[in-house]
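Let's have the full structure, built from the sequences with the hints guiding it.
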Amino acid sequence: MAEQHLPERQSPLEPEYHPGSHGNFEHGVDVILSETRPGSILQLAAWPGEEKRLIEIIRNVTGLALPDGAGGGVSSGARAAFGFAPGKFTVVDEAEGFAQAFAGAITPAIGTLTDLSHGRTAIRIAGPKAEWVMAKFFAIDFALPAFPLGAGRSTNHHDIFAQIQRSGADQFDIYVFRSFARSFWKALCHASEEVGYEVQ
Amino acid sequence: MLITCPYCGPRDVIEFTYQGDGNRERPQPASQNLDAWNAYVYDRLNPAGDHNEIWQHSGGCRSHLRVVRNTVTHEILSTSFARGGHKTESRS
Ligand SMILES: [Zn+2]
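Just so you know, the sequences run in chain order X and D.
Counting from 1, one number per residue, gives the positions in the first sequence under the working numbering.
Counting from 1, one number per residue, gives the positions in the second sequence under the working numbering.
Where hints are given, some of them may not hold.
[As the list claims (entries may be wrong)] Taking CB as the label site, the calculated pair distances span:
| id | chain 1 | residue 1 | chain 2 | residue 2 | range |
| --- | --- | --- | --- | --- | --- |
| 1 | X | Ala135 | D | Thr73 | 37 to 43 angstroms |
| 2 | D | His74 | X | Asp141 | 28 to 34 angstroms |
| 3 | D | Leu2 | X | Asp159 | 40 to 46 angstroms |
| 4 | D | Ala30 | X | Lys186 | 52 to 58 angstroms |
| 5 | D | Arg66 | X | Asn24 | 45 to 51 angstroms |
| 6 | X | Thr36 | D | Leu2 | 49 to 55 angstroms |
| 7 | X | Pro67 | D | Arg44 | 27 to 33 angstroms |
| 8 | X | Pro67 | D | Asp12 | 24 to 30 angstroms |
| 9 | D | Asn33 | X | Leu149 | 27 to 33 angstroms |
[Said to hold, decoys possible] Negatives, chain X to chain D, calculated, CB over 12 angstroms:
| id | residue |
| --- | --- |
| 10 | Gln10 |
| 11 | Gly23 |
| 12 | Glu35 |
| 13 | Asn60 |
| 14 | Glu94 |
| 15 | Ala101 |
| 16 | Ser117 |
| 17 | Pro128 |
| 18 | Ile140 |
| 19 | Asp141 |
| 20 | Asp159 |
| 21 | Ala162 |
| 22 | Ala191 |
| 23 | Glu193 |
| 24 | Val195 |
| 25 | Val199 |
Simulated from the structure, these hints should not be mistaken for laboratory data.
We put the CB at the ideal spot given by N, CA and C, even for glycine.
Structural data, given as structure tokens:
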């Protein structure tokens, strides 16, 4: 079989991605912004009644046990998964080509897998003011009791869809459309100026 | 106005799209009953009070929802998935 050549992926943020400290950082940097560039971003969907089987497949393939309930998720550093809608899940892996790991596992009777690795951009915001900056964009509750560790949320910013996972007590991973990623990134930088931010 | 999505929890109305009157009954596609089609397309209860509605959480989980809304006060009296099958624990 011919060797698979994956195209080299370029960052849509590149022209606006300026590593270093910015904004009002004289008294310290309160958020760190970065593009995490995961190799694989997958969307998995179960047909009605097949949700439990799909959650089981995610556990077998990724080793991540999704907690019960709406928006439940797990983030383990190299790998992450969370529910973003009834019967629908986002699975993220550091490595490219992770969709192959699900080949044969998600049968047509169970549901579908869509590889969105080239269609989404993953942006991370971390630091003591992460909740504060996020609250300027999205009308949801970012407090830890309302938005637990690992959990996912589907929401939008100015009608542009976004998925958010809490990957740490003061850290969020935001998945946005690649075509809107640079615009969102610029807005995120502007919103972070007042607290002082560092791009890594 | 906040609508409590059975999946996502309470969200601002801006995340939702109104999909119309939830009292309508669509005739079978092959039906030639003109009165039934006329009723489906045009007849509305238009109450000043509680109203069955279909909404979509288009800016969130994208589920279609049954919502009972008071057209006078805009109070949301209940929300549930429009289609059964996806049974998910409510966060509200
Ligand atoms: Zn929802």
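Now the hints, each set against the structure:
1. X:Ala135 to D:Thr73: 37 to 43 angstroms: violated (28 angstroms)
2. D:His74 to X:Asp141: 28 to 34 angstroms: violated (22 angstroms)
3. D:Leu2 to X:Asp159: 40 to 46 angstroms: violated (18 angstroms)
4. D:Ala30 to X:Lys186: 52 to 58 angstroms: Taking Cβ atoms as reference, alanine 30 of chain D and lysine 186 of chain X lie about 53 angstroms apart, which means the hint holds.
5. D:Arg66 to X:Asn24: 45 to 51 angstroms: 48 angstroms Cβ-Cβ, so the 45 to 51 angstroms window holds.
6. X:Thr36 to D:Leu2: 49 to 55 angstroms: violated (32 angstroms)
7. X:Pro67 to D:Arg44: 27 to 33 angstroms: violated (43 angstroms)
8. X:Pro67 to D:Asp12: 24 to 30 angstroms: holds (26 angstroms)
9. D:Asn33 to X:Leu149: 27 to 33 angstroms: With Cβ atoms ~56 angstroms apart, the hint is violated.
10. Gln10: At roughly 29 angstroms from the nearest Cβ of chain D, glutamine 10 of chain X sits farther out than 12 angstroms, so the non-interface label holds.
11. Gly23: holds (28 angstroms)
12. Glu35: The claim stands: glutamate 35 of chain X keeps its Cβ more than 12 angstroms from every Cβ of chain D (closest is about 24 angstroms).
13. Asn60: holds (22 angstroms)
14. Glu94: holds (26 angstroms)
15. Ala101: Non-interface label stands for alanine 101 of chain X: nearest chain D Cβ at 25 angstroms, farther than 12 angstroms.
16. Ser117: holds (21 angstroms)
17. Pro128: Fine: 25 angstroms to the nearest Cβ keeps proline 128 of chain X off the interface.
18. Ile140: Violated, because the least Cβ-Cβ distance between isoleucine 140 of chain X and chain D comes to about 7 angstroms, which does not exceed 12 angstroms.
19. Asp141: The claim is violated: aspartate 141 of chain X sits with its nearest Cβ about 8 angstroms from chain D, within 12 angstroms.
20. Asp159: Non-interface label on aspartate 159 of chain X violated, nearest chain D Cβ at 7 angstroms vs cutoff 12 angstroms.
21. Ala162: violated (10 angstroms)
22. Ala191: About 19 angstroms separates alanine 191 of chain X from the closest Cβ of chain D, which puts it past 12 angstroms; holds.
23. Glu193: holds (26 angstroms)
24. Val195: holds (24 angstroms)
25. Val199: holds (28 angstroms)
Hint compliance for this structure: hints 1, 2, 3, 6, 7, 9, 18, 19, 20 and 21 are not met, and every other hint is.
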